[in-house]
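Trainee: Single-letter residue listing:
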Amino acid sequence: MHRTIAVIIAALVSAALAAGAEKVHILMPWTPQAQFVGYYLALDRGEYSRRGLDVTIHHINPRSDLEKTFEQGGYEFVVCSPDNALVIRDGGVPLRLILQVVQRSNLAVVCWKDKGIETPADLDGRRVSAWPGIFRPYVNVFYRFNGANPIYLPQAHSLALFLNRSVDACVAMVYNELYMLYSHGVDENEITVFNLAEFGADFPEDGLYASNTFIREKPEVCAAMAEATKAGWIIARDSPEEAIDAVMQRVKNAMIPANRLHQQFMLKTLVPSIFPERAKGGTPWILDPGIFAKIAYSMTTVKQLKNPVPSYEEFTWETSR
Amino acid sequence: MTLGDFRSGISLRWRLLILIMLTSGLILCAVIFYNADFARQALEKSLKERAAETASHAAAAVDSRIRIVARAVEMAAVDNSLSRRAYLGVGGESPNRAAMRSLRQLLVTNPEIYGGTIAIDPSVDGFAEGFSPYMCRTKTDGFREENLAREDYNYAAADWYLVPRELNRPLWSEPMYDEGGGDALMVTYSVPFRFEGSKRAAADGKADGVQTGDITLEWLDALLLDLPLGTNDYAFLVSRFGTIIAHPRKDWVMSETLFSLAESFGDQKVKAWAREVLSGNSGMEQTSNLFGYSGDAWIAYEPVPSAGWTMVAVLSLDEANTQIHSLVMTEIQIGLLGLLVLLTSVVLITDTITRPLRKLTQATKQMTRGNLDAPLPPHKGGDEVADLTRSFAAMRNELKTYMANLQATAISKERLESELRIASDIQHSFLPEKLPNHPKCDLAAIFEPAREVGGDIYDVRLDEANERLYLVIGDVSGKGVPAAMFMALTCWLWRHFTRECDRPEDILRSLNKELAPDNNSCYFITMFCVVVELRTGHMRYASAGHFPQALHCANGEDVWLASELEIKPCLPLGLDGNAEYRGRSRQLNKSDLLVLFTDGVCEAENDGREQYGEESIWAPISEEGLTSAQALDRLRHSVNTHVAGAEPSDDLTLLAFRYVGDAEAVNDRAGNIVEWRPASTYSTGKMLDWLERISSGWNLTADDSSDLGLVLDEALQNSIKHGKADFARVTLRRADGEIGIEIIDDGFSFNPLSVPIPDLDVPLEERKAGGLGVYLIRRLTLRQEWKRTNGVNVFTLAKKLGG
Chain A
1 MHRTIAVIIA ALVSAALAAG AEKVHILMPW TPQAQFVGYY LALDRGEYSR RGLDVTIHHI
61 NPRSDLEKTF EQGGYEFVVC SPDNALVIRD GGVPLRLILQ VVQRSNLAVV CWKDKGIETP
121 ADLDGRRVSA WPGIFRPYVN VFYRFNGANP IYLPQAHSLA LFLNRSVDAC VAMVYNELYM
181 LYSHGVDENE ITVFNLAEFG ADFPEDGLYA SNTFIREKPE VCAAMAEATK AGWIIARDSP
241 EEAIDAVMQR VKNAMIPANR LHQQFMLKTL VPSIFPERAK GGTPWILDPG IFAKIAYSMT
301 TVKQLKNPVP SYEEFTWETS R
Chain B
1 MTLGDFRSGI SLRWRLLILI MLTSGLILCA VIFYNADFAR QALEKSLKER AAETASHAAA
61 AVDSRIRIVA RAVEMAAVDN SLSRRAYLGV GGESPNRAAM RSLRQLLVTN PEIYGGTIAI
121 DPSVDGFAEG FSPYMCRTKT DGFREENLAR EDYNYAAADW YLVPRELNRP LWSEPMYDEG
181 GGDALMVTYS VPFRFEGSKR AAADGKADGV QTGDITLEWL DALLLDLPLG TNDYAFLVSR
241 FGTIIAHPRK DWVMSETLFS LAESFGDQKV KAWAREVLSG NSGMEQTSNL FGYSGDAWIA
301 YEPVPSAGWT MVAVLSLDEA NTQIHSLVMT EIQIGLLGLL VLLTSVVLIT DTITRPLRKL
361 TQATKQMTRG NLDAPLPPHK GGDEVADLTR SFAAMRNELK TYMANLQATA ISKERLESEL
421 RIASDIQHSF LPEKLPNHPK CDLAAIFEPA REVGGDIYDV RLDEANERLY LVIGDVSGKG
481 VPAAMFMALT CWLWRHFTRE CDRPEDILRS LNKELAPDNN SCYFITMFCV VVELRTGHMR
541 YASAGHFPQA LHCANGEDVW LASELEIKPC LPLGLDGNAE YRGRSRQLNK SDLLVLFTDG
601 VCEAENDGRE QYGEESIWAP ISEEGLTSAQ ALDRLRHSVN THVAGAEPSD DLTLLAFRYV
661 GDAEAVNDRA GNIVEWRPAS TYSTGKMLDW LERISSGWNL TADDSSDLGL VLDEALQNSI
721 KHGKADFARV TLRRADGEIG IEIIDDGFSF NPLSVPIPDL DVPLEERKAG GLGVYLIRRL
781 TLRQEWKRTN GVNVFTLAKK LGG
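So the sequence lines, in the order shown, correspond to chains A and B.
Quick note: the first sequence uses my numbering, first residue 1, plus one each step.
Quick note: the second sequence uses my numbering, first residue 1, plus one each step.
It should be emphasised that the hints constitute simulated quantities derived from the structure, not laboratory data.
Quick reminder that beta carbons are idealized off the backbone N, C-alpha and C, glycines included.
Among the hints, a few may not be true.
In silico lysine to aspartate or glutamate, EDC-like type, Cα no more than 20 angstroms apart, as pairs [stated by the list, open to error]: (1) B:Lys271 <-> A:Asp187; (2) B:Lys269 <-> A:Asp54; (3) B:Lys686 <-> B:Glu647; (4) B:Lys271 <-> A:Glu190; (5) B:Lys590 <-> B:Asp558; (6) A:Lys252 <-> B:Asp251; (7) B:Lys269 <-> A:Glu198; (8) B:Lys206 <-> B:Asp251; (9) A:Lys68 <-> B:Glu129; (10) B:Lys686 <-> B:Asp704; (11) A:Lys252 <-> B:Glu714; (12) B:Lys269 <-> A:Glu190; (13) A:Lys68 <-> B:Asp704.
Here are some of the chain B residues that sit facing chain A, going by a computed Cβ distance under 8 angstroms [what the hints assert, rightly or not]: (14) Glu166; (15) Ser260; (16) Phe265.
All chains should be modelled from the sequences, with the hints used to inform the complete structure.
Mentor: Have a look at this one:
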């Protein structure tokens, strides 16, 4: 009850403030799901409006590239992984990291057990699928670090190639594709799952970026954006049911097939990677320079960048250091 | 409560009702149960068949439709392989237009197809910028054109393109919402194609392009809705990987898979079942509460082979259960109605049976209260109840006759009893109302007749002037009124004769003479008669056929009077008028107890038929110091103890007499008395011994002593031999030179002095016998005197001493 009242008040406050608020647009790298719930809650709970921000959240069409969509303009902020950010930056938009949200990797390589794969090295020379763009550097690092040189096939949005056993391994987000595999009746015993984090390829994922131009123009807006987003994620951690409600509401509006159980699983998986245990390394909200160096290395494996990788100082901002 | 209690505690009508209703109810239950079970089995069987048919029918319908689509798309792909030049714009027409024309033809000729594209890989020469014109239907039956080779739609990375091209075979996609393309929920059939003579394709083995055809899923809903299903039944379609393609729950379509649902509902069994469903086989299973749908159901699944999908039909058992329930309810209603009819019939039937029975019962109750004329229910017809009523009426008539007879008998009996009471009164009036009172006697009597009137007699009469007591006890042969009358007569006569006779044998003789002549009925009476001189204690008794009577002497001696040893048996009175009776005398001492009794005492029997016996009499009466009444009480008590409540067979009569006379009066004068009792014990020797002792005491001379001996012997011999005396007593008294002699005996009244003096001159052999002894007595004594008094002879003599 109290929460409902709080949400209504927040909405009223945000409406009141909207008139004189800074209008900004933020682009999410996929359709609505729990992966972005911190931003939803920051908006719903008035964390943005309270800080003078009138935020609109956009999602990309899954058929299109994030880079191309963002480059088309109209977005002050974008949420993406460091490798995506580096590609966009290489394309000419000088993105800088405002907030490193997901500190640890949720990526996995999934293999059919009956293909005789017990270690990542067993995938040497095998047909594997991987997304052509995103996370490809990370996947390359995983295979290289583990002594495998597989034959890559492009991985579409579904796992059809893997399910049709056209490939021996595929890439999967633990909270998405792996979950989907299980939903399609694949048994745990049928597959071997290599979590990249456990095989030397523990890369950070989603972070909040803005162009250096915008940062220079409105640093206070960026700082407020960072603070409000942090608050949104803390709410998501502390009120998971409310968080899932916020997700399901957006899923419904977007007419996207999704089920609540899946979103709950996603949030549950994500939270530890955003707020990592001290012992496992990683400090919330910032990007460690050592990790950045590793990301820079991974980028060299894909030969996508026309320009040299920027320095840590160029890539990060005061709120992400 | 046992069954027996139940039976006995409940009326016939209720027992019938309960029994019939219970039995019918049980049969009804059995029938309903059997019917329900049979119907359930039949319905389940039909339900199973229907489920299989539904799944099979729906799967075939889906399969045929998508097969048509697949064929058309495959044909289009073949066309494409021949159309490379056209798509390169060689024919003058723009490549896009050429493709659109081909697509329009596909859509126009195949109404099932929603949209399609001809996508050519960017690696193909001349198509580096990508090529994927798309055409689909609009809601207004028109066609819409799209280009999928654009910045925001990377067709080369789309499943529908990538996967079939990689697999190099036609493929139905998983259902998807094609945003930016068809913008509809659909599945796409993708057929990879190679341009004729394509070197590129020959080099990497991959297709040059992909021809697709989409079908939306809305028609699936319509198809599923058209299936012949019950209200609680439904069917749904799942994809190759378990995704829900069509389902009554729209929010599950595309969002859920069989496995995610199993996870959501926490049903691990369903996971295994889902793998079976997706295996491509058809099958059937019974389940309950599948995915939150409540109730039991039969599930049939059938593959849609061309797409690799599976059609699932869920037929609820609820409807079958509802039908069975309704059937059972109808049967119960009919059954209850039947039971009601049965109940009414049974009530009516039992009423016709029990009504006469109840009336009969009421009539019986009235009869038990004495109303034998109470009306009986009508007994028409020939059934058991009518029979019973008839029998009952007959019984009542018998009873009435019997009652009438009984009443008559009772009246006559009452009259008889009244007569008996009168006879009894008469009899009692002859018995002494009150026993006589005299200081020297203590009398007591008990008379207990076995019937109203008894045959026993007892009587006591005191002659106060002579201080003489008459006692009698007797037993008349036979019982009842005649015996009582005979006894009364006897009584009356006895009283009469006690006034005329002194000796008991005389009384008996006189009685006999009176009774015998007119005794036509041959009644007889045994009698024991006693006469006691109260002054002297002298007792004389006689028996007429009566058994010996008891005398308990004060010195402890027990004597049977008139035993066979004492007296020859004499006839009872009334048989022979000439019969002779003998009497015997005895001297009573103070406190001697005479008990007279009849056979009611000694022949009293107990249940074991053991008689009381004569010898048993002594014990109760022997105690010292008992009065007559006490002695009799004890004797009667002893007899009662012996019989122990057995019905008395004979009258019981007891008469006791205790002599409480002053015996000292005799003894005082008799320091020189001698008695012979019985007199038969007398011998001359004994008498002389006694006399010698007296003579020496009195210093008598030998002559005097010798004379005395002669006199006494003569006198006593007379009394005993001729007077038949039983008792004799001699008293000597010395005074003034004389000795007085008194001889008392109970023999016949005989005066010796009346004997003439014999003629001593006549020679001895010529003399009449007798008389010599009396002569001698006269010579040797101074005076002789004789008198008869109180039934005894008193012979008094005086002898002068020394002379």
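Trainee: Now tell me if each hint is right for this structure.
Mentor: Evaluated hints:
no.	hint	in the structure
1	B:Lys271 <-> A:Asp187	holds, 10 angstroms
2	B:Lys269 <-> A:Asp54	violated, 50 angstroms
3	B:Lys686 <-> B:Glu647	violated, 54 angstroms
4	B:Lys271 <-> A:Glu190	holds, 15 angstroms
5	B:Lys590 <-> B:Asp558	holds, 15 angstroms
6	A:Lys252 <-> B:Asp251	holds, 10 angstroms
7	B:Lys269 <-> A:Glu198	violated, 33 angstroms
8	B:Lys206 <-> B:Asp251	violated, 38 angstroms
9	A:Lys68 <-> B:Glu129	holds, 15 angstroms
10	B:Lys686 <-> B:Asp704	holds, 18 angstroms
11	A:Lys252 <-> B:Glu714	violated, 174 angstroms
12	B:Lys269 <-> A:Glu190	holds, 18 angstroms
13	A:Lys68 <-> B:Asp704	violated, 203 angstroms
14	Glu166	holds, 6 angstroms
15	Ser260	holds, 4 angstroms
16	Phe265	violated, 10 angstroms
The structure is inconsistent with the numbered hints 2, 3, 7, 8, 11, 13 and 16, although it conforms to all the rest.
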